[in-house]
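**Q** Sequence:
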Amino acid sequence: QSKFQTAPFPCRCRSSIVTSVRPPGRFVPFKRSKMPLGDGAATQFDPMMLQMAQQVAQMADGENPIELLLDLYFGFLRRKTDFFDEPGRCHDAVLGAYQRQADIVNKAQRSTAAVASKKAKEAQAALLAKQDREAAAQQQQKEEDEARRARVKQAELDRALAEQNCLADGTPKIAEITSDDDGDEDDDDALAPGTIAPNPGNGGDANHHAWTQTLQDVDVRIRVPVGTTAKQIVCDIHKKHLRFGLKGEPTLMIDSDFYNEVRVDDCFWTLEDKTTVSLTLSKANDMEWWTRVCVCDPEIDTKKVAPENSNLSDLDGDTRATVEKMMYDQRQKQLGLPTADEQAKQDTMAKFMTSHPEMDFSNCKFN
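Residues 5 to 371 (the numbering used here) make up the sequence shown, in order.
The hints are simulated quantities; they were obtained by calculation from the structure and are not laboratory data.
There may be inaccurate statements among the hints.
SDA-like cross-link-like pairs, simulated, lysine to any residue; straight-line CA separation at most 25 Å [as the list claims (entries may be wrong)]: (1) Lys-308 with Thr-218; (2) Lys-349 with Glu-362; (3) Lys-307 with Asp-162; (4) Lys-308 with Thr-232; (5) Lys-278 with Arg-324; (6) Lys-278 with Ile-241; (7) Lys-349 with Arg-324.
Throw the hints in and build the complete structure from the sequences for me.
**A** Laid out in structure tokens, this is it:
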């Protein structure tokens with residue numbers, strides 16, 4: 005039998021490896037530049053190798069199929085080629101082929117490990133940044149809560165003091181009179197006794213919540229412990245009463261009557277950032293300002309409420325007229341002047357007096 009000589013192996017071993025079982029014909033040797041074959045070129049042999057591996061696996065009978073496949077391949081080289089004529093060089097050729105594939109695997113593993121390490125560092129940095137943000141947010145919330153509670157405590161003290169200084173009918177026991185004030189004009193900046201100034205949202209503060217309002221709605225923001233879930237919230241809204249708290253807690257945070265009635269079907273709540281519950285209440289009477297959300301909360305002075313003029317254009321004609329009248333009456337009261345209704349009564353009486361000059365109104369008292 006003739007032997008077909010191959011090109012030199014990478015380890016410089018010359019052997020006559022053939023591409024099939026010694027068929028007659030021309031042999032085309034592999035070139036050194038093709039070793040090892042890239043995955044793109046090597047995959048064309050995968051179907052054939054896979055079929056061989058499957059057949060060997062069926063023959064393994066408990067043996068290691070990979071070892072059996074290698075033994076089968078080297079048996080082929082022994083029987084059909086001169087591969088084993090120079091055992092030393094062939095040994096180096098086998099180890100060289102193994103090392104080339106092992107280097108590819110190691111390189112891929114190092115790349116995977118580097119990517120995993122980079123992702124782990126990025127995840128750790130993101131976690132630390134998140135923890136810092138949460139810590140800063142918790143500190144800010146703590147400071148805001150302490151400031152709000154301090155304002156509520158001071159408001160309660162002011163209200164108690166105002167109640168002590170008032171007579172049964174609500175008038176002050178002592179009226180301060182100065183040389184610059186004849187007692188006929190009220191201080192425009194003074195608050196009603198026992199009340200606090202409204203916040204920029206025309207609302208106020210309470211022990212567990214802060215609130216704002218429009219003529220139609222009241223928005224209440226209730227602070228809850230960090231990490232609270234919606235399933236832990238207990239929120240029962242009734243026409244005249246509110247119950248709010250957390251499951252498992254011995255007492256509710258809020259268990260009180262509303263300042264006035266609400267439309268229960270239009271009320272709802274949402275949990276924001278697992279730290280705050282936003283509660284929206286729809287007023288049954290949408291033509292009044294609330295002095296407080298619950299009857300146990302500090303009261304605001306509604307004379308100091310300042311509705312946004314820019315929102316008037318969004319209202320229908322009748323509602324806008326009502327709001328403008330309320331704003332006008334509020335300004336008149338602050339200036340110590342008659343409201344629109346009072347002015348209309350005075351104008352009507354003045355016309356009547358003008359129309360009846362024969363009548364003497366000097367001893368009449370008008371309410």
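**Q** All hints, please: hold or fail.
**A** Each hint tested on the structure:
no., hint, verdict
1, Lys-308 with Thr-218, "holds (14 Å)"
2, Lys-349 with Glu-362, "holds (21 Å)"
3, Lys-307 with Asp-162, "holds (18 Å)"
4, Lys-308 with Thr-232, "violated (36 Å)"
5, Lys-278 with Arg-324, "violated (38 Å)"
6, Lys-278 with Ile-241, "holds (21 Å)"
7, Lys-349 with Arg-324, "holds (23 Å)"
The structure fails to meet hints 4, 5 from the earlier list, while all remaining hints are met.
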